[in-house]
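Q: Each protein sequence line maps, in turn, to chains A and B.
Heads up, the first sequence is in the numbering used here, so the first residue is 1 and it goes up one at a time.
Heads up, the second sequence is in the numbering used here, so the first residue is 1001 and it goes up one at a time.
Incorrect hints may have been included.
[Said to hold, decoys possible] Think about it this way: if two alpha-carbon atoms lie no more than 25 Å apart in a straight line, the pair counts; the simulated BS3-like pairs of lysine-lysine are:
(1) B:K1163 <-> A:K210
(2) A:K189 <-> B:K1443
(3) A:K210 <-> A:K37
(4) B:K1148 <-> B:K1242
(5) B:K1246 <-> A:K184
(6) B:K1324 <-> B:K1401
(7) A:K210 <-> B:K1148
(8) B:K1163 <-> B:K1144
(9) A:K189 <-> B:K1432
(10) B:K1331 <-> A:K184
(11) A:K239 <-> B:K1324
(12) B:K1443 <-> A:K147
(13) B:K1347 <-> A:K387
(14) A:K147 <-> B:K1350
(15) A:K177 <-> B:K1363
(16) B:K1432 <-> A:K210
(17) A:K210 <-> B:K1331
(18) B:K1350 <-> A:K184
[As the list claims (entries may be wrong)] Listed next, with one range per pair, are the computed distances between beta-carbon atoms:
(19) B:Q1325 <-> A:H116: 38 to 44 Å
(20) A:E383 <-> B:L1204: 45 to 51 Å
(21) A:P72 <-> B:T1319: 52 to 58 Å
(22) B:V1209 <-> A:P72: 23 to 29 Å
(23) B:K1031 <-> A:E256: 55 to 61 Å
(24) A:H116 <-> B:P1317: 48 to 54 Å
(25) B:H1339 <-> A:P72: 27 to 33 Å
(26) B:D1027 <-> A:E383: 55 to 61 Å
(27) B:E1207 <-> A:S352: 38 to 44 Å
Just so you know, the hints here were simulated from the structure itself, not pulled from any lab data.
Built from N, CA and C at the ideal position, the CB exists for glycine as well.
The primary structure of each chain is shown beneath.
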Amino acid sequence: MDRRKFIKHSTLASSLFFVPSFVKGFEQVASNRLGYKRLVIIQLSGGNDGLNTVVPYRNDLYYKARPKLAIPQNKIINLNDELGLHPSLTPLKRLYDNGCLSIINNVGYPNPVRSHFRSMDVWQTASDANTFSQTGWLGRYLDRYGKHPYSAIEIDDSLSLALKGEHLNGIATQNPKVLYNLSKDPYFKNIGTHYNDAHLSEHNLGYLYKTMIEAQSSAQYIFETSKTGTNKMEYPNNKFGNQLKTTAQLINSGLETKVFYTSLGGFDTHVNQLNTQGRLLKMYAEGIETFVNDLKLNNTFKDTLILTFSEFGRRVEQNANVGTDHGTANAVFVVGDQLKKQGIYNGMASLSDLDDIGDLKFEIDFRTIYATVLNKWLDVDDESVLKRSFTSLDFI
Amino acid sequence: MIRLMKRKHIQHLFWRVGFGILPEANDTLSKKSKKAIVNQIFKDSQYVIPLKIDTSEIDKFLNSDQVMVAENRKKLQKLSREKTIDLNVSWINRLKHSEAILREKMTLFWANVFVCEDNNVVYIQQFNNTLRQHALGHFGDFVKAISKEAAMTKYLNTKQNRKQSPNENFARELMELFTLGEGHYTEEDIKESARAFTGYSHNLKGEFVFRNRTHDIGNKTFFGKTGNFTGDDIIDIILEEKQCAKYICEKVYRYFVNDTINENHVNEMVAVFYGDYDIEKLMRFVLLSDWFYDEENMGSKIKSPIEFLVGMNTIVPFTFQNKKQLLYLQKQLGQMLLHPPNVAGWKGGKSWIDSNTVVLRLKLPSLILNNAYISKAKNNASDFKETKKAAFKKQYGRFIKTVANWEVFNTNFDEVTMEAMDEYILNCDIQKEARVYLNTLDKGSKQEYCIQLMSLPEYQMC
C-alpha cells in the first residue's frame, strides 16, 4: 500500500487525528472527499496536425518544410518566444491566460505506428506498439475501481475499446433519454424482476441477465439524474458541441460518473489541410471554452480535468496535396483549474533530429500522462491499471 | 440399429455449423442417423463457390500497365470504400442463403483466426475467398496461402520486410496469433523467421510476387534447425510443433463447442489433427463425437452479432431497405464484417455483451420484425394492441426499415404447437422466473409469441 492509499484507508478509522506527520496528507484527502473528481477525455480522431496546432513560429525549419501549409507569423497567437497557437484557437488562448491550460508537447510512444486504427488502439489500451490488448485503460480502471457501468460514460452510440474492461464495461449514450427508452420496455423489467442471480452468475446466460439488469438500472439512473442537470451556456450547434453539452449536463446533475469520453473526428488532412483543420480546431476551441464556462457557472469545473489527445501527429513536411501524412508525436492539452504547471509544460520537438521517415521523435510517453491522471487526479494505483510502472509528471 | 438423432441435437448441430434450422427441415432430418446427417453437411460443403461482387470499375485501374497517378489512386480508394459495403452485404447474404453452411461458417471462423483488413476491396475479396477455399482443407497449405495474400502482406507489413531492413510484424503474428500462441517461441525465432519471409510482395492486380533481390538467402536458425529457409519452410517447421495442432484445436473447440476448454476433448482432437492437419477430418471428428452433444455444450455459447442477425433471418427472413442500416447494426452490435478491431480479432464470448449491446440485442427482434412491439399483458383488447404497436413504431422504429417475410415462418410453424415453440426458437431452457412471467402474457398469435421468445436473454444463446 502506498502512502496515499494508506492515508485514504486510515481516514475511515479517523485514526489520522493522532498522527501529526500526516496532517498535510489529511488536508489533501479531505479535499478529495469533498469534491468528486472527474476526468473528461476528448479524442481528436484522424490524427490532428500538432505542428499547425502548437506552432514553432520562430523555427525556419518549420517554414521550410511547409511552404504552402505553414501558418504565417503574423497570424499566430503568440504564447512565448518560440511557440504560438493556430489562429482558430483564440478561445483556448483565454484558457491559457487564465492558467487553466497545460500544453504537453511531443507526446508519443516507442516504435510509433502510423495506422489510424492501430495507433488509436495503442492510445486506448495503453499497450506497447507491438502488443494487443483487448481491454482499454479506462476499462481496467473500471475493473478495479468502478462500481457500475455508468462509472464511465462515452457520449456516443457505441463503446470504444478504451472503456472496455475485463469484468466491467462503461456505457455509451449520446442521449440518455434514447438509451432509457430502449431499455425500459416493461417486458425486460418483468423478465428480470425475479431473476435469481446467485445460481447462474458464472454462466453465459447468467451474465446476460446480470448485464441486462445493470443496463436497465444504469440507463434509468443516468436519465433520471441527468434531468436535474442544467446548462447555463449556449453551446455551438454542432455534434461536438452537443457532446460537450450533454457531458456538462451529466456533470452538473451530480451524476456519480468518474470518466466521460467524447470525440471529434475528421482530422485526417492528407489533402487541402488548411481549411479543414481550421474549421475543426475552431469547433474544438469554442466547444471547450463554452464547456469550461458552463462548468464554472455550476461550480463543477474545479473537480473536472479535461484531457485532449489525438492518435498521432502528422509528418513535418507537407505532401504534394497541400496536406500532411500520418506522423508520430503530438501535443496533449490538459485543461483544469488545479494545474500545477500551467502554460507550456515542456519544449517543442526538434525539427532537425527526425526519424528515418521524417517524423518527430517523441519525448514524453503518453502513458506517463495516464499514470499521472490516475495517480494524482483519480487517486488510484496507476500501476495496477496500466500493468506497468510509469514515472508520474507534475502538471497536476 | 441406426440411432436416430434427437431434434434438440440436430438443432444444436445446425446452430454450431450454421445459423440454426427451421422446424420442417429438422423434422425431416430427425428420421436420419447422426452419421448420415454429418455426411450430408460435408457433402453440401464440398464445392467452393467464391464470393464475387462486381468490381469491374476497380479492375480497370488494377489491370492497367501504367503507373497509377495520385488522382486515380484517390478514385480507387473511394470506389473501394463503397464496394467494401457491397462485399459486406454480399457476405451476409451468402451466410443467409448458402447450401454450403459448414464451409461458410468455417470461413467466418477462419476470418477471426487469420485476421486481416485492407482498403482495397479486390484484395480483401480475394483474401476472403482464400479463406473459403481452404476452410476445410490442409492447414499447412492454408497458412502458406495466407502468407502470400496481397492483403496480408500489406496488413502485417511483409511487403516492407526486406533483407536490408527486416520487418518482424508478420513473423510475430504468424506465431503468436495464427499458429502457436504466445510463449511458444523466442524473440530469436521471430528475428530469424522474419528473414525467411523477406521478398514477399504483390503486384497491382493482387497476385503474389516474390522479389529475389530483397530476399535474404542466408542461413537462418529456427526452432533449433539451420538452413536457408524460405517462408514455406518456416511454416512446415512450425507444423511439426504439436503446440500448433493444440492451438488450432483449442480455437475450434471454443468456437464450435464451448467457451471453456475441456482438456480431454481437445487432446482427442489434437490426436486427430496433428500430422495430417486435415481440417475436414478434424471437424468430422468433432461433429461425430458424443461429447459434442453433451448437455453442457448445448445452448451454452453467446451468439456472435453475426450469428444473432443471420440466425434471426433463418426463422423469419428479412431484408433492410437501406443496406447501410445493416452495417450500422453490425457496428452497434460490435462485429462489422471485414472490419476486425485489430489483428487479434474479436474476442467473442462474454465480451460481445455490454450495457449497450445487451439492450440493443434484446430490442432488435421486435425492432426488425414487429415495429418495436414485444408484448401486451393479458386481457387487453386487440385493437389497443394495434394502436400501441403504431406508437412503438413512432418512438423507436423510425430508423430501422425492414421487410420481413413471415410466410416462411407461418409454413414452418404451422404444425408446431404453441407449447413447443420455445424448443425450436431457443437453444436453452427458459429461466424459471422468466417462464412464470411469460405465462402471464397473452401469447397472441404464433408470430407475437415468436417475438416474445426472441426478446428473451435466452435467445442470445446458441
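Q: If a hint holds in the structure, say so; if it does not, say that too.
A: So, going through the hints one by one against the coordinates:
For the hint pairing K1163 (chain B) with K210 (chain A), the CA-to-CA distance comes to about 54 Å; that exceeds 25 Å, so the pair is violated. Restraint check: the Cα-Cα separation between K189 (chain A) and K1443 (chain B) comes to about 18 Å, which is no more than 25 Å; the hinted pair holds. Note on K210 (chain A) and K37 (chain A): the hinted pairing is violated, with a Cα-Cα distance of about 28 Å set against a maximum of 25 Å. For the given pair, K1148 (chain B) sits about 24 Å from K1242 (chain B) by alpha-carbon distance, which is consistent with the 25 Å threshold.
Taking the CA atoms of K1246 (chain B) and K184 (chain A), the gap is near 45 Å; set against the 25 Å cutoff, the hint is violated. Between the alpha carbons of K1324 (chain B) and K1401 (chain B) the distance comes to roughly 11 Å, so the proposed pair stays at or under 25 Å and holds. For a cut-off of 25 Å, the pair hint linking K210 (chain A) to K1148 (chain B) is broken: about 45 Å separates their Cα positions. For the hint pairing K1163 (chain B) with K1144 (chain B), the CA-to-CA distance comes to about 20 Å; that is within 25 Å, so the pair holds.
Proximity of K189 (chain A) to K1432 (chain B) is assessed by CA-CA distance (about 15 Å); at most 25 Å being required, the pair is judged to hold. Note on K1331 (chain B) and K184 (chain A): the hinted pairing holds, with a Cα-Cα distance of about 22 Å set against a maximum of 25 Å. For the proposed pair K239 (chain A) and K1324 (chain B), the alpha carbon gap of about 21 Å is at most 25 Å, so the pair holds. A C-alpha spacing of about 38 Å is found between K1443 (chain B) and K147 (chain A), which places the hinted pair above 25 Å, so the restraint is violated.
Restraint check for K1347 (chain B) and K387 (chain A): satisfied, since their Cα atoms lie roughly 20 Å apart, inside the 25 Å limit. This hinted pair checks out: K147 (chain A) and K1350 (chain B) have alpha carbons roughly 19 Å apart, not beyond 25 Å. Only pairs whose Cα atoms come within 25 Å are accepted, and K177 (chain A) paired with K1363 (chain B) is accepted, the gap being roughly 16 Å. Pair hint K1432 (chain B) plus K210 (chain A) holds up; C-alpha atoms about 15 Å apart against a cutoff of 25 Å.
Pair hint K210 (chain A) plus K1331 (chain B) holds up; C-alpha atoms about 23 Å apart against a cutoff of 25 Å. For the suggested pair K1350 (chain B) and K184 (chain A), the alpha carbons sit about 23 Å apart, so the restraint of at most 25 Å is met. Restraint check, Q1325 (chain B) to H116 (chain A): a C-beta distance of roughly 25 Å breaks the suggested window 38 to 44 Å. At roughly 49 Å, the beta-carbon separation of E383 (chain A) and L1204 (chain B) lies within the given 45 to 51 Å, and the hint holds.
Between P72 (chain A) and T1319 (chain B) the CB atoms are about 55 Å apart, so this pair conforms to the stated range of 52 to 58 Å. Between V1209 (chain B) and P72 (chain A) the beta carbons are some 47 Å apart, a value that contradicts the proposed interval 23 to 29 Å. Between K1031 (chain B) and E256 (chain A) the Cβ separation comes to about 60 Å, which falls inside the hinted range of 55 to 61 Å. Here the CB-CB span from H116 (chain A) to P1317 (chain B) is close to 37 Å, at odds with the stated 48 to 54 Å.
Take H1339 (chain B) and P72 (chain A): their Cβ atoms lie about 41 Å apart, and the range 27 to 33 Å is violated. The hinted window of 55 to 61 Å between D1027 (chain B) and E383 (chain A) holds, with their beta carbons roughly 60 Å apart. Here the CB-CB span from E1207 (chain B) to S352 (chain A) is close to 43 Å, well matched to the stated 38 to 44 Å.
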